[in-house]
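Residue numbers (the numbering used here): 102 to 582.
Honestly, the hints are just simulated from the structure, not real lab data.
C-beta: ideal position from N, C-alpha, C; glycine also.
A portion of the hints provided could be inaccurate.
[What the hints assert, rightly or not] What follows is a list of derived Cβ distance ranges for each label pair: (1) 325 - 227: 41 to 47 angstroms; (2) 522 - 404: 29 to 35 angstroms; (3) 449 - 257: 26 to 32 angstroms; (4) 186 - 286: 43 to 49 angstroms; (5) 417 - 286: 23 to 29 angstroms; (6) 381 - 237: 49 to 55 angstroms; (7) 458 - 297: 37 to 43 angstroms; (8) 308 - 381: 47 to 53 angstroms; (9) 297 - 246: 22 to 28 angstroms; (10) 345 - 275: 48 to 54 angstroms; (11) 341 - 378: 40 to 46 angstroms; (12) 246 - 544: 42 to 48 angstroms.
[What the hints assert, rightly or not] Heads up, simulated SDA-like pairs for lysine to any residue below, C-alpha to C-alpha not over 20 angstroms straight-line: (13) 289 - 332; (14) 239 - 300; (15) 416 - 379; (16) 282 - 416.
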Amino acid sequence: MCPYCSPNTPISRSGPVDLRPLSVLRLTEKEWKEYRKASAPSETYKSFGRGDSDKLRVVGFNEDTKSVLRQSNPEGNDYIEVGWSAMDSIILATSDGVIFKTFGELVSTSSAFRSSEQVVLTLLVPSDLPEFVAFNVKQHAWTKLRPEKTSLLSWDARAKAVAQFHLVDAEPSPHWEIYQKERMADEKRVANNLAEHNGEDIPFIYGMIENAADNVLACADLERAKIGALHDCILPLSPDVSDDGWGNIRSAEVHTRIYSPTRTSAVDIYMEYYFKTNYSSVDFNFNLFYRAHPQVSKQLTRTVPHSERKMNGYKPIMHMGFADRPPGRRWRAVQERSFTISTLEVNALHRMLFGDKSSTGKTTQPEAARNPEKRLCEKISGSDMLELFLASVGIEFSLALDADDEDSLPRGAMSWEGLEGNEGWLGRNIRRVCDIAPLESDGHETEDDDDDDEDDEDEYDDEDEEEERYGRGREPGCAHQ
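Based on the sequences and whatever the hints tell you, model everything.
So, in structure tokens, the structure goes:
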């Protein structure tokens with residue numbers, strides 16, 4: 102809750118809150134001229150007054166504020182438009198029911214100010230806040246679909262689960278009651294995490310997960326209701342992400358559980374990421390793991406991997422990073438990459454989440470045209486599933502399926518800087534384990550790249566040996582100690 106919303110908090114960081122209406126607080130012409138003299142240089146105002154500068158529309162909440170804005174609008178409208186910059190600071194602002202309460206927060210860090218349309222701010226005075234909060238503060242929710250209450254009274258556990266979660270192609274199982282109980286507990290956990298941000302801007306990672314997952318599902322040509330049902334199967338249980346303040350993610354540990362919409366099973370996805378630029382080197386580490394739950398059991402554990410010796414049931418999907426050698430000023434970006442998940446694992450996970458294919462034979466690549474009669478396991482391919490695994494931790498990846506396309510990592514609200522440049526490697530390996538015909542470009546990026554890294558390491562070994570022989574900074578034949 103914002104610092105002004107409580108009647109017991111009348112003091113702001115800059116002093117007592119002025120409760121007078123805006124009509125009383127409005128500057129006179131004389132006061133405005135004095136303010137102009139003592140504030141920013143006139144060039145600043147001239148740049149804001151240019152016709153091509155971005156305009157921020159300010160609207161009023163109560164009638165007194167609207168009347169003041171009408172006096173300030175040349176055409177008598179109850180709003181004003183002012184020039185602004187993405188580097189401006191905000192003290193107290195609202196957008197879509199969200200109250201930004203951080204004093205001095207940069208506009209560039211708030212998603213509400215990144216819009217293709219004109220940004221609109223609602224101008225509130227302290228006396229407006231109780232009414233505004235009562236009717237406008239945003240309540241965050243993750244699930245999109247509501248249960249079908251008429252079917253929840255059924256004695257059939259599967260029918261109740263279908264009504265609760267809008268399951269797709271649900272198969273018979275004696276464990277639907279446990280599935281429903283555990284999934285509802287995880288949904289409550291996500292809802293409680295989001296409730297901590299009511300009235301605040303939601304952490305950007307939730308939006309990144311949602312957008313990435315929805316884009317993957319939209320490409321599967323599913324009906325809108327089924328897209329919503331599959332979206333709700335993805336539950337970000339513990340998304341812990343920090344950024345560098347400039348649109349790049351610094352570190353992340355994200356644990357997401359994906360429930361099957363078809364069977365009483367689930368898959369945990371865990372991602373750890375770290376990227377930092379130092380004076381003479383770059384620290385980068387990325388790992389993606391999965392843990393399969395072929396049968397959802399009571400009290401599903403929420404543990405994550407801690408070390409190679411304590412994986413807690415997780416198995417690696419892929420790893421990317423830079424070798425930490427050689428240290429010091431001669432450091433070079435030697436890539437260390439491994440795509441560990443196999444075709445057998447991909448197929449097993451696909452069956453676990455989406456069921457068995459109704460037709461015989463192996464699907465070699467996602468079909469370009471999917472018809473409505475096909476079951477979910479035929480509409481969502483193995484490569485779609487791997488893209489969904491990445492999306493579930495906030496990474497959007499687009500796999501190329503023909504020569505006219507290319508593998509890409511579309512930039513979202515924040516950038517995964519460490520992953521950039523690995524698109525071709527990632528796409529090539531996904532096509533390989535999903536039995537998708539390789540593209541011509543796949544041959545241009547081969548394991549020879551890793552051999553080049555090994556050559557670099559050999560070069561470093563030679564340099565280290567020479568340094569050990571002559572001492573750091575000394576050349577052969579040098580007599581200086």
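Consistency of the hints with the structure:
Remark: the range hint 41 to 47 angstroms for residue 325 to residue 227 is upheld by a beta-carbon distance near 43 angstroms. A hinted range of 29 to 35 angstroms holds for the C-beta pair residue 522 and residue 404, which are about 33 angstroms apart. Between residue 449 and residue 257, the C-beta spacing of about 28 angstroms keeps the proposed range 26 to 32 angstroms intact. The supplied range of 43 to 49 angstroms is met by residue 186 and residue 286, whose beta-carbon atoms lie about 46 angstroms from each other.
The supplied range of 23 to 29 angstroms is met by residue 417 and residue 286, whose beta-carbon atoms lie about 28 angstroms from each other. Restraint check, residue 381 to residue 237: a C-beta distance of roughly 50 angstroms satisfies the suggested window 49 to 55 angstroms. A C-beta distance of roughly 42 angstroms is found between residue 458 and residue 297, which places it inside the suggested range of 37 to 43 angstroms. The beta-carbon spacing between residue 308 and residue 381, approximately 35 angstroms, falls outside the hinted interval of 47 to 53 angstroms.
Under the hint 22 to 28 angstroms, the C-beta atoms of residue 297 and residue 246, about 23 angstroms apart, fit the expected range. At roughly 50 angstroms, the beta carbons of residue 345 and residue 275 sit within the given window of 48 to 54 angstroms. In this structure the supplied range 40 to 46 angstroms is violated for residue 341 paired with residue 378, their Cβ-Cβ distance being about 21 angstroms. The supplied range of 42 to 48 angstroms is met by residue 246 and residue 544, whose beta-carbon atoms lie about 44 angstroms from each other.
Restraint check for residue 289 and residue 332: satisfied, since their Cα atoms lie roughly 16 angstroms apart, inside the 20 angstroms limit. For a cut-off of 20 angstroms, the pair hint linking residue 239 to residue 300 stands: about 5 angstroms separates their Cα positions. About 31 angstroms separates the Cα atoms of residue 416 and residue 379, which puts this hinted pair outside 20 angstroms; it is violated. A C-alpha spacing of about 26 angstroms is found between residue 282 and residue 416, which places the hinted pair above 20 angstroms, so the restraint is violated.
Checked against the numbered hints listed earlier, the structure breaks hints 8, 11, 15 and 16; every other hint is satisfied.
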